[in-house]
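**Q** Sequence:
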Amino acid sequence: MTTVRIGNGQGFWGDSVDAPVELLRGGEIDYIGMDYLAEVTLSIMMRQKLRNPEMGYATDFIGFVERVLPELVERNVRVLCNAGGLNPNGARAKIFEVARKLGVKGFKVGVVEGDDILPRLPELIAAGHDLADMETGAPMSTIVDRVTSANAYLGARPVVEALDEGALIVLCGRVTDTALALAPMAHEFGWDFDDWDLMASGTVAGHIIECGAQCTGGNFSRWWEVEDLWNVGYPIVEASSDGTFVVTKHEGTGGMVTVDTVSEQLLYEMGDPEAYVGPDCVARFTSIQLEEVGKDRVRVSGIRGEPRTPTLKISASYLEGYKATGQLTVSGPRAVEKAELAAETIWKRLERGGVVFEDGQKTVELVGVGACLPGITPPPDDPPEVVLRLGVHDDDRAKIERFGKEIAPLVTSGPPGVTGFAGGRPKPQQVVAYWPALLAREEVEGRVRVTVEEA
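Sequential numbering from 79 applies to the sequence shown in our numbering.
Source of the hints: derived by calculation from the structure; they are not laboratory data. Predicted model only: the values in this text are computed from it and were never measured. Among these hints, one or two may not hold up.
Stated by the list, open to error - Mimicking BS3-like on lysine-lysine, the simulated pairs with C-alpha atoms at most 25 Å apart in a straight line are:
#	residue 1	residue 2
1	Lys401	Lys440
2	Lys426	Lys440
3	Lys505	Lys483
4	Lys426	Lys401
5	Lys483	Lys440
6	Lys172	Lys183
7	Lys186	Lys172
8	Lys505	Lys426
9	Lys505	Lys401
10	Lys127	Lys505
11	Lys401	Lys483
12	Lys426	Lys483
13	Lys505	Lys440
14	Lys127	Lys172
15	Lys391	Lys127
16	Lys401	Lys127
Could you build all of it, start to finish, from the sequences and the hints given here?
**A** See below:
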């Protein structure tokens, strides 16, 4: 039975820049998927694009292309990514610029668009689409004037279209992470998009490898069992036409692939195990069968799926005031008491100046005495040092700025032992909040354009 080897070299924008290069050069590989978009990444890209209309994509991806483009073309290793963000055409132009510099030509780049619905929000709301927050039920009309990005999660179909047209590199905006694995499987094996079991198999494969090394030993609960984590191998799916696949990694790399590492990744952001909802299908995680079939080889089979839902998920972000955080290290005897006094001193001095933060607008954390796991990790009786971390949030930028000026004075006008102030005054930062919603599927249409670099 013919198999296709699909790797994932990026779990988020900021993941190892060497991982996809090592996937390419470490052994046989047919496809490399690269996931750059977390829930609010597009809002960051929007800020970049507002400053420079040519930006709005993941610049790390261009660095990857500069390093490996001749090899990709020579070996016909195809790359799928959502690095296009809010400007996949801009990313394509940059790739072709790199190609001209390297003297590489004759390859095709596909661009998938249609996910960005930000310009359409007023008309959609006027047409009766509430785009209600999935957590609170509030309609988007209440914050539409503050929305900075709004994108629908596209599925694998437009990515497959780009592959069918011969694209070596497929640049997408907001597509599901799982589509980056499902698409090459559907393309290679000619799968029917209404075969729910096969769609679910590709979706599960994508879910397992979407976070990169998180299924090959990274972030593993029994971390002490993982060998050579410094050299962790990123995951590869060896897919078969019947929907079964093996999760593995290149030989000679660190990390490990076991039923346990794969199981932990399956639980990641799973939601309802009977109904993992994506744009291509609904996957039943309770049907998944895992079997170790060799060292660093886990076979996945038995996956069942259900029809896709009539809606697509919308990932939107909006501006929600300002925030700032600052911290001090407090050392010496009775460090906890001194840190608590330091925090109380800051709030009282601010209040004296007419700046008041209510309980829901401020946070106090004593890192080292149970702040990360309150009630679970018993704090030491008298730790020799503690990190005091303070945070504030408000719509009034001036209040946030005033807070930032009260941290440093504690070095000489607070309790003794305050020695760890660093990084300068905390500066106000705009808060970008997340707004998940649903939209009727027929309101969104993926568009594909494939072009070739011949210069």
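**Q** Would you mind confirming whether the straight-line C-alpha gap from Lys505 to Lys401 stays at or under 25 Å?
**A** Cα-Cα ~8 Å, so holds.
**Q** Are the Cα positions of Lys505 and Lys440 separated by 25 Å at most?
**A** Holds: Lys505 and Lys440 sit about 15 Å apart, inside 25 Å.
**Q** Given the hint that Lys505 pairs with Lys483, does the C-alpha gap stay at or below 25 Å?
**A** Since the Cα atoms of Lys505 and Lys483 sit roughly 9 Å apart, the hinted pair holds (cutoff 25 Å).
**Q** Hint check: Lys426 vs Lys401, CA-CA at most 25 Å. Holds or violated?
**A** 19 Å, holds
**Q** Does Lys183 lie within 25 Å of Lys172 when you go C-alpha to C-alpha?
**A** 14 Å, holds
**Q** Has the given pair, Lys426 with Lys440, been kept, meaning a C-alpha gap of at most 25 Å?
**A** Status holds; Cα separation ~13 Å.
**Q** Regarding the pair Lys483 and Lys440, is the alpha-carbon distance no greater than 25 Å?
**A** It holds: about 16 Å lies between the C-alpha atoms, which stays within 25 Å.
**Q** Are Lys505 and Lys426 close enough, with their CA atoms no more than 25 Å apart?
**A** It holds: about 20 Å lies between the C-alpha atoms, which stays within 25 Å.
**Q** Compare the distance between the alpha carbons of Lys401 and Lys440 with 25 Å, and conclude whether the hinted pair is satisfied.
**A** Given pair Lys401, Lys440 holds - Cα atoms ~10 Å apart, limit 25 Å.
**Q** Quick one, are Lys127 and Lys505 close enough, alpha carbons at most 25 Å?
**A** 22 Å, holds
**Q** Are Lys401 and Lys127 close enough, with their CA atoms no more than 25 Å apart?
**A** 23 Å, holds
**Q** Would the hint linking Lys426 and Lys483 be met if the CA-CA limit is 25 Å?
**A** 14 Å, holds
Violation of the numbered hints given earlier is absent; every hint is satisfied by the structure.
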